[in-house]
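Engineer: Now for the letters of each chain:
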Amino acid sequence: MTTGEKDFTPVAKAQPPRSAAAMPALTVKNLSVYFGTHQVLKNVSLAIRARAVTAVIGPSGCGKSTFLRSLNRMHELVPEARMEGEIRLFGQDIYAGNVEPVIVRRRVGMVFQKSNPFPTMSIADNVTVGLRLNGIRTRSVLAERTEHSLRMAALWDEVKDRLHAPAISLSGGQQQRLCIARALAVQPEVLLMDEPASALDPLATAKIEDLILELKKDFTIVIVTHNMQQAARMSDDTAFFYLGELVEFGATDKIFTSPTQKRTEDYVTGRFG
Amino acid sequence: MAIAAETTRTSALGEQNLAKRRFGDRAFKWLTLLMALSVFVLIVLTGYQLAHGSQLALHKFGWRFLTSSDWDPVNEQFGALPFIFGTLVSSFLALLIAVPLSVATAVFLTELAPQWVRQPLTIFIELLAAVPSVILGLWGIFVMVPWLREHLFPALKSTLGFLPLFQGPIYGVSMLAGGIIIAIMIVPIITSVSREILRSVPGLQREAAYALGATRWEVTRIAVLSYAKKGLFGAVILGLGRALGETMAVTMVIGNRPEIAKSLFAPGYTLASVVANEFTEATTDIYLHSLFEIGLVLLGVTVLVNGLAQLLLKTFGGPGVKPQQ
Amino acid sequence: MQVLTFTCALLVVAPLVLVFYHLVYSGIGAVSWDFFTKLPKPVGETGGGMANAIVGTFILLSIAALIGVPIGVLGGVYLSEYGSSKLNWWIRFWADVLNGVPSIIWGMVVYALVVLPMKGFSAWAGGIVLGMMMIPLIMRTTEEVLQLVPNGYREAALALGIAQWRTIVQIVVRTALKGIVTGVLLALARVAGETAPLLFTAFGNRFWNHNLSDPIAALPLQIFSYAISPYEDWHRQAWAGALVLLLLITAINVSVRVLTRDRFHK
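Going down the list, the sequences are from chains C, F and H. Mapping the first sequence onto the working numbering, position 149 (from 1) lands on 149, and the numbers just tick up by one. Mapping the second sequence onto the working numbering, position 279 (from 1) lands on 279, and the numbers just tick up by one. Mapping the third sequence onto the working numbering, position 178 (from 1) lands on 178, and the numbers just tick up by one.
Hints were generated in silico from the structure; no laboratory data involved. One thing to keep in mind: the hints can contain errors.
Each computed EDC-like pair below joins lysine to aspartate or glutamate, with the alpha-carbon atoms no more than 20 Å apart [as the list claims (entries may be wrong)]:
| # | chain 1 | residue 1 | chain 2 | residue 2 |
| --- | --- | --- | --- | --- |
| 1 | F | K29 | C | D218 |
| 2 | F | K29 | H | D233 |
| 3 | H | K119 | F | E278 |
| 4 | F | K20 | C | E100 |
| 5 | H | K86 | C | D218 |
| 6 | F | K29 | H | E232 |
| 7 | C | K207 | C | D218 |
| 8 | F | K29 | C | E76 |
| 9 | F | K262 | F | E278 |
For the chain C half of the interface with chain H, some residues (derived, Cβ under 10 Å), not all of them [claimed, not checked]:
| # | residue |
| --- | --- |
| 10 | V99 |
| 11 | V102 |
| 12 | V108 |
| 13 | K114 |
| 14 | R182 |
| 15 | V186 |
We put the CB at the ideal spot given by N, CA and C, even for glycine.
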């Protein structure tokens with residue numbers, strides 16, 4: 001699929017349904033990331049299935065956050081960041097010379113560990129900020145997207161009567177769901193989540209996990225988590241990283257019950273990490 | 001839930017927006033860079049204008065300008081030594097008075113004062129920092145100088161009159177008055193910078209001293225002050241920089257006589273004061289150029305002193321130190 | 001030792017108390033409706049006021065803000081959001097040195113740059129010199145405030161595909177707006193009391209200023225010329241002017257404190 005590569009517009013059809021034969025959402029080939037002279041990721045290759053949840057696990061410092069950020073070119077914000085290899089989004093090279101990182105990030109959204117709704121804006125404004133600051137100002141479109149995104153984030157019923165309240169008046173869990181709604185509003189194809197529930201209490205965490213299971217019907221989700229039970233519960237595929245290398249990647253059931261690598265087995269059984 | 005129509009998405013990602021956005025990024029970066037570079041423009045402009053504006057004096061007098069005491073507009077002879085003397089002496093006096101007071105106050109604020117006193121006292125000192133020079137000068141002329149003339153100076157003369165410093169006629173307006181008023185002006189900044197420096201001394205230092213059985217004052221002296229020595233020195237230099245450039249308050253109480261005298265009771269004149277007083281009266285070109293040269297000298301001295309202060313504070317100052325104001 | 005340092009602290013605070021006491025004591029008598037509304041009377045006559053000086057100060061501050069705020073804030077944005085660490089170190093260093101340059105020298109520079117070509121003193125010259133003094137001040141306070149904005153907001157905005165310049169302007173600056181405004185107010189309070197640079201730029205005016213290219217009165221200038229004059233009535237008016245000026249400056253500083261006190265953090 002080479003059409004639309006000039007300005008990186010997505011090919012005009014919805015994501016393919018999930019099946020083994022369908023094109024993967026993201027294809028990573030021989031990815032290495034360096035910060036200065038320090039190599040953080042070593043030769044990573046895998047394919048992330050569309051409309052599925054892929055979990056990225058591993059002990060601290062194994063490079064899983066860097067891996068996640070290389071999928072939407074956010075690692076470039078670190079000075080002296082360098083990458084080698086290739087990453088394709090539905091077949092299109094996201095690091096091609098003429099591709100703007102900004103465009104990639106609209107198709108590959110991100111939710112962060114610490115929820116960060118913009119403090120000077122209301123709930124509704126937070127949801128639509130990605131649209132408004134990219135030139136979409138039609139009120140009807142914004143209103144429809146606001147409701148749609150908040151429903152998808154399972155937040156609509158809780159905030160529909162106070163859309164103009166400040167975003168920071170929400171609880172921690174609600175703020176995180178607001179951030180999810182904000183990311184969904186720009187209609188990405190892939191949603192990256194960097195330990196989205198690690199700062200939340202168990203009740204809020206459960207809500208987020210249910211939300212993710214709902215979202216995967218329409219989006220491809222890649223989630224970094226240090227909580228292995230969470231990974232086992234929610235994901236379809238799992239990637240295990242260790243010291244910058246992809247040790248093993250495959251269906252979650254297999255990784256957790258019969259991994260092929262000893263290091264994987266040691267990690268998932270809690271022998272280290 | 002079906003994904004909404006593609007149309008709005010593709011229009012947002014259209015090629016036009018791309019070009020606009022790239023331009024926006026680059027234009028904004030260059031705009032802000034240009035504004036930031038204005039700092040260099042300002043400093044170069046200042047140096048150039050002063051050098052350019054003092055050409056005649058530089059050529060006519062050369063180094064004699066700095067060594068001659070003859071400031072005679074009528075005969076077109078200009079020597080800046082009295083002003084250099086006045087600036088240095090008044091600043092030195094100011095430091096002599098202000099530094100012990102400021103450092104002691106800073107120590108009091110950070111180490112020894114009860115909690116309830118700290119905030120109000122800090123606010124007071126910040127308010128003092130905000131008092132404009134001319135207002136302090138006003139108070140200086142009508143309140144401080146008469147008091148000095150009638151009370152402090154005679155007392156000093158009778159007790160310390162054997163020193164040439166405290167001999168001679170008492171007018172009130174004097175070098176000492178100038179020094180005192182500069183001291184009042186620089187105390188707030190030395191105090192607040194010193195306070196920040198003392199606050200940034202790690203608690204571990206104090207704890208170690210306490211653990212050895214030191215009293216509160218000993219802890220302050222051993223653990224805090226000696227650790228903060230270099231930073232405090234930077235604060236003092238910063239105060240010196242302020243003192244050198246003080247204009248209005250000094251002009252109003254120093255007497256404005258271009259003479260070098262031994263007594264602190266005698267009137268004096270500083271580099272900044274002579275410019276303030278005589279700039280609009282400078283009728284001849286050489287007069288004006290001589291005043292510009294005085295400005296050049298003042299600029300050179302304050303840039304050097306302030307540069308040194310900045311280096312010291314940036315190296316030894318600790319994170320909270322903000323050397324502006 | 002505690003007593004000794006406490007005494008020092010008292011000595012430090014004493015001048016402020018004395019100054020304020022005298023301002024009120026000597027100046028309050030002359031602060032009248034006339035003071036705020038009338039022009040100075042001819043030399044030797046009593047009465048009159050400082051209306052033109054008060055208005056003049058506001059005009060000069062307005063011109064100064066027009067120059068100082070855009071350059072200072074945008075420069076501060078550069079220091080915080082862009083730039084190499086080496087270049088930024090030098091810019092910061094020279095900005096801090098500039099903050100220590102005696103204000104009278106700024107006056108001399110603007111005299112050469114503006115007054116001489118315009119062949120006369122003017123409100124423009126006065127506003128320009130105050131504006132130039134505000135630039136390094138505002139640049140540093142803006143930079144500091146922007147640095148306090150958590151990086152998470154920048155990342156969140158960029159992850160939404162928002163362009164970098166929009167992220168800075170509509171997210172980062174907007175979040176830090178209160179801090180930027182307080183920095184501007186503090187800079188205004190600082191230059192409002194400056195006399196020396198105005199001596200040969202704005203120069204002062206006994207009448208209303210009708211044209212910004214003409215000399216203009218300013219509160220600190222008026223205080224100074226009245227203080228060194230031989231007339232009792234003018235001395236009283238100088239105290240009154242000083243009281244008004246100090247109240248203005250204190251009001252700005254207090255409102256800054258109030259603004260920075262109510263910060264909501266979650």
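Engineer: Determine for every hint whether it applies to the structure shown.
Structural biologist: Evaluated hints:
1. F:K29 <-> C:D218: This hinted pair is violated, its Cα atoms lying about 38 Å apart.
2. F:K29 <-> H:D233: With a Cα-Cα distance of about 56 Å, the restraint between K29 of chain F and D233 of chain H is violated, given a limit of 20 Å.
3. H:K119 <-> F:E278: Measuring from Cα to Cα gives roughly 19 Å; hence the hint holds.
4. F:K20 <-> C:E100: OK: K20 of chain F and E100 of chain C at ~12 Å, within 20 Å.
5. H:K86 <-> C:D218: It is violated: about 47 Å lies between the C-alpha atoms, which goes past 20 Å.
6. F:K29 <-> H:E232: 57 Å, violated
7. C:K207 <-> C:D218: 18 Å, holds
8. F:K29 <-> C:E76: Given that 20 Å is the threshold and the Cα spacing comes to 18 Å, the pair holds.
9. F:K262 <-> F:E278: Distance of about 25 Å is beyond 20 Å: violated.
10. V99: Status violated, d = 12 Å.
11. V102: At about 5 Å, which falls below the 10 Å cut-off, the nearest Cβ of chain H leaves the hint on V102 of chain C intact, so it holds.
12. V108: 9 Å, holds
13. K114: 6 Å, holds
14. R182: Cβ of R182 of chain C sits 7 Å from chain H, so the hint holds.
15. V186: 6 Å, holds
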